[in-house]
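Assemble chain B with the ligands onto chain A, guided by the hints.
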Amino acid sequence: MSALRYRWVQALVVLVLASLVTAACAFAPLYVRALDQAVVATTVRATPAADAGVRILSFSTANMHVTTDYQHQRDLVPEALKPALADGIPSISVGVRRLPLAAEPEGSLLWRAGLCEHVRMTSGTCPNSAGEIAISADQARVYDQAVGSTLEVGEWDASVSRVEVSPQATLTVTGIYEQVPGDYWFGATLTGAAAGKLGFDTMLTPEATLVNAVRAPAGGGEVYWAEPHQGLDLPLRPDQVTADNIARLGAVAKDWIAYPLGVSRYGSDASDAVTVSTSLPAIADAAAASRGQARVTVPLLMAQLGLLLCTVLWLVLVGAADQRRGEAALARLRGRGSGGVRSLLLRETLPPIVAGVPVGLAAAVGLAAGARHTLLAPAPPAEFPPTTAYAALLALLVMLALAASSVRRVARAPIADLLRSVPAGRAKMVLGLLEAMVVAAAIAAFVALVTGAVRGPVGQLAPTLLAVAVGIVAARVVPALLAWLGGMALHRGWARAATALLHASRRSATRWLTPIVTVAVAIVVLSADLFAVGALNRQHRAAAETGAPTVLDLGSRDLKAVSDAIRAIDPTGTSITPVVTIDPIGSGNTTTIGVLPDAFSRIALWPGADPKSLAWQALRLPEQPPLEITGTSVSYAAKLPTVDFTSLDPDAQSTALSPALQIVDAAGATTTVPLGAIPTDGFQGRRSATIPCAQGCRVIGLGVSAPLGAAGMRGTLILSDLRIDDHPLDLGTASTWRPSISPEIAASDGAPGALTLTFANSGQTEAFVVHESVPQVLPALTTAPATPAAAGATIGGYLVDGSDQLLTSAGPIAYVPGGPARAALVNLDSLLIRGWSGRGSAKLTAYLSSSDPSAVASVRERLTGLGIPVTGVRHPADLERTFARSGAAWSLKLTTVVGGLALLTCAVALIVLIATSWRSRSRDYAGLRMAGLTRRDVGLIAMLETVPVVLLAGGLGLAAGLWSAPAALPMVPLFTTPSAIFPPDLRTAYGPSLLVAAAALVILAVVAALASRYVARRSRLDRLREAA
Amino acid sequence: MSTATPRPGLGVTTVGLVHIYRSEGSDVAALSGVDITVRPGEVVGLLGPSGSGKSTLLALLAGLFQPSAGKVFVGDRDLAALTESELDRYQAVDGSLMLQGARRNLVPYLTIRGNVDFARQHAAKVGDEVPTTQEVVDLIGAGEIADRPLSELSQGQLQLGALAVALAPGPGIVLADEPTSALDHAARDRILDTLLDVNRRSGATIVIVTHDPDVAARLPRTVTIRDGRIGGEGRLGQEYAVVTADGFLPLPLHVREGLPPGTLVRLERDGENWRLVPEAGGLPGGGDDVIQ
Ligand SMILES: Nc1ncnc2c1ncn2[C@@H]1O[C@H](COP(=O)(O)OP(=O)(O)OP(=O)(O)O)[C@@H](O)[C@H]1O
Ligand SMILES: [Mg+2]
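Which chain is which? The protein sequence lines are A and B, in order. For the first sequence, position 396 matches number 396 in our numbering, and the numbering has no gaps at all. For the second sequence, position 2 matches number 2 in our numbering, and the numbering has no gaps at all.
Note that these hints are calculated values from the structure, not bench results. Here the structure is a predicted model, which means the values were calculated and not measured.
Short, incomplete list of chain B residues facing chain A, as computed with Cβ under 7 Å:
id	residue
1	L64
2	D88
3	Q91
Label-pair distances were calculated between CB atoms; the ranges are:
id	chain 1	residue 1	chain 2	residue 2	range
4	A	A495	B	E152	34 to 44 Å
5	B	Q155	A	G370	50 to 60 Å
6	B	P40	A	G932	55 to 65 Å
7	B	T244	A	D417	30 to 40 Å
8	A	A495	B	S154	39 to 49 Å
9	B	H254	A	G932	44 to 54 Å
10	A	A495	B	S26	30 to 40 Å
We treat Cβ as the ideally placed atom computed from N, Cα and C, and that holds for glycine.
Bound-form chain A, shown alone (with noise of 0.2 Å):
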């Protein structure tokens, strides 16, 4: 105990660190589970809660019993996901369609628990008792329902398929609804069909309507409706979803949407008609991915610091032995032999170590409420893992092997080298054979860890074990070194720096220090450089896959009129681009993406990629100039031979084909024009006929038409003088019709001004030639994936109007801005050929370049205004966000934590190395000071003592970490799953690496300073002291 009062400051250090290494430790498993709750709760917020919440559907056809009734539905919940589901929503539906029958809309029944709070009734009351409605405006417009009207169904259903023999209602219509948005309806939308004339709205009703007894078909008493469809909807309680038990809600989950009625009736009638659907399993999913994410990072972060501490921990202990020697001396004369002396130093060091334990735990635990609440926002719940206990437990043993080995050497040292003063270490290249093997090892671990060898524990720590091999070779080269460069300052007349230099090579202080600044910076350094590429990945990809600044969502399907609309707002092309994304029908097909190519290269954002070097090129027009024509009548004149048929039936030979044109029209609409019947049995002569060219077509296709279920036929036409209200219209040669093979039709040049097309339908009713503006093989920039393997070869691609055209990739792509992996690059305007007629799954979007709010807010104004609603605003910093809130960014924060840590940990070594070598400098400083130097020069000198040593020591750390991030990165998780187009980009930040490695030397050197001006100015005193 006296002891401890006469070394306090000492067993403080030994505290603290003993302390900070509890924490270090103990740390880790705190931030792991609160970030394994935070993981947990931001998925289950970021899940809709629709797809969240649990959907039972079924419906009567095979069990009345078990699925008629949402009672049952709701028996059917697995005990294990009931504590987590808030009371259900119960809905019957009931599909309907007009009588009496005709080509009438369909539509739904609905009832809903509660639904009258969850509409907005625009006119009328919500219905309250059978036989009553409410229906939306839409409907209510376009089918001329009001208020007060009756409407006749029938049901109406996939298994319900004779309408004639269907139950059947009149309805009365008491309102008209508006339908409240909320998490109430679980994700349905009531509304849309009626408004494009595609059928009735939901009509929400009574449940009595559903269940009471209707009427039966052909006035036959009374029945129940077939197949009422039962719903029960169970919103999850988000609250209840926590890191614990979401695996089990998951497994759960997942089973029960397997089975619905359970294993034994797999496959039954009944488990047919019920159905269940929720995320929870993709939830316990990307939980669990992250959660698996978050145990490599940290633990890997959190190793590189409990090195540095264990290593500062050590030296300090075997500092404090070797204090001690005098005692051990003593301890050994008088006959305590080495156990003795052994038990007399621990119990000096064991006590502070043993203190430390709480006070760490303690602080992990606030370091860990702070990092909830910092780096986790929203802050998951405090808690108290049990691993948290474990883990201090664990660095106490550690602790306590470190303090056990430390007196290993004063305790086994014979009593005759004890009772002798240290001698000061010379400088010494030599490496011992203890330090020697531990070099070899760590740069074993490292070269491992590089060529992927190892993974674990202990790769995790081959960063840090590279910087201690560093570390100790630059123990033994710094001092020969600063020995050397005294030698040089001395050589050159330079006193002060000579001085400082020499002593510093004698200093053991010295020996200390290097290895220590070097693992310290090396674990800024790598923090720093893990933070820095972290962060730069998820702003990449997050541009990569948002594609620009600001990417607006269309309401619009009309490719011409967007296009049109975005070249009048911006005619260069600098600020906006239209961009149409054509989704493959099948997966695994490639995804046809048309651009303008100039402004897109310029609007788009590509990350790792120069859009320069593409071969945009490439993506050119068709030479030939689109065949443009207006009008309203088109007649020619027209020459047909007798025409063979491939069938000898009578009845099947056509007595009539006619002459047609493709075009498409100024909607965009792609339509067969026939130019009036021509007889088979052979003609000559004029005809004419109505085009729907008023506003102007584009021709893309000549040929014939032959009317439904005709024989095939083979034959020649000569089309000559073709005039368009009485213009003459010029088709061409030969070489501006493209021939088809199936069916067979070709042109050849006949007399001047006449185009003759060989034909052979083989019983198709149209056959063309395509005109040669009409590209037949589109070329595309193609991404990898998307790629033939032989050159020039076409791959399947997709129209605007959702038909196939053929593409061959042009050159390649990295990726495209905002698209997926498999992606086909083409021309917008070689898609605009063919027009748009709103089928297929085109989505519209446009890029901007800047993200400006109030930039977007006017292009949105004038897009609105020239008819296109724009449906959704996304900017990359949205998408990074939410990147940012996984447990692979969560992890990665906490190099902050670590990096902090390191750097406090080696500003204590330094203060400690540098206040335990005050004897010696003292007296070194009181010998200058008597031999006439000035305070000003000793402190100087001083200064110059610590300070280049901790630069030389942090510069190699500087290397150190810089050569070891790129063997930790690849173990370290970036996202929650790869990106599909965005390779994560593991090279070196150097700009924040360096910056941030400048910033902890100067602050190392800073505190070396201080402290070393500290112990120049006690010179004096001390000296008095000697002397006394």
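Chain B with the ligands alone, transformed into the frame defined by chain A:
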């Protein structure tokens, strides 16, 4: 005064003791054949010039390390044959070494009482009977300084403390390396008195290394070490040369001045005495030296 029965003094016999310090550059022969016998309860001073090997001999007697050759017997123990724990016990209880320089014997942050405790504790554990701390403090008459911090004590008081520590286990032999150097006369006498008093009272054997002729004069027997060998003996200040086991006779320094190396001498018997006669034609003025 002591409740513990005093441990009987331990005799010492060394046979052909050689010690060579091996260090990086060169080997130093600190002792080159020392035969010395100290009877139990005897008080012996070790004299000799600096670097002659006095401290080395003391360390060997204390069992701090093993001699390069030769044997050390203390009491009935052959120090070289002891196991580690036996050696620990010897150092804890029987053989007490007092290092040169008072501070080196004291744990800096303990008082004299604390230091005596520190030394006593282990001895009490392994030894049969050990005086109490108070007894030791009283023995050296250090009651009033026993509880003061060491930093407040004078050099003499510190030396007294170091002596107290050495006496703590009630040892059979006290090996004191220059206990009186750097002390004023009063302090020196006090230390010496205490040592002689302890010897008288408990019968402990005492070996004192000293440079001080005044101290040497008060000791009943002195042994002079020279170049790692026994160079002479003294009895209460009177110097004698000693014939070694193999028949050599090291000449005292002052005699050597008159007889440079290479001088031929004859030994002649003269009744009870022996006469040492340099060969004629030798050095001028060569007188007759008598050896008793
Ligand atoms: N640890 C050691 N390593 C090498 N040589 C040593 C060591 N200790 C002593 N010596 C040498 O052994 C010789 C005897 O030393 P020792 O200390 O025994 O002499 P001493 O008689 O006690 O001298 P002093 O009167 O100065 O204390 C000297 O030459 C000394 O330099
Ligand atoms: Mg000596």
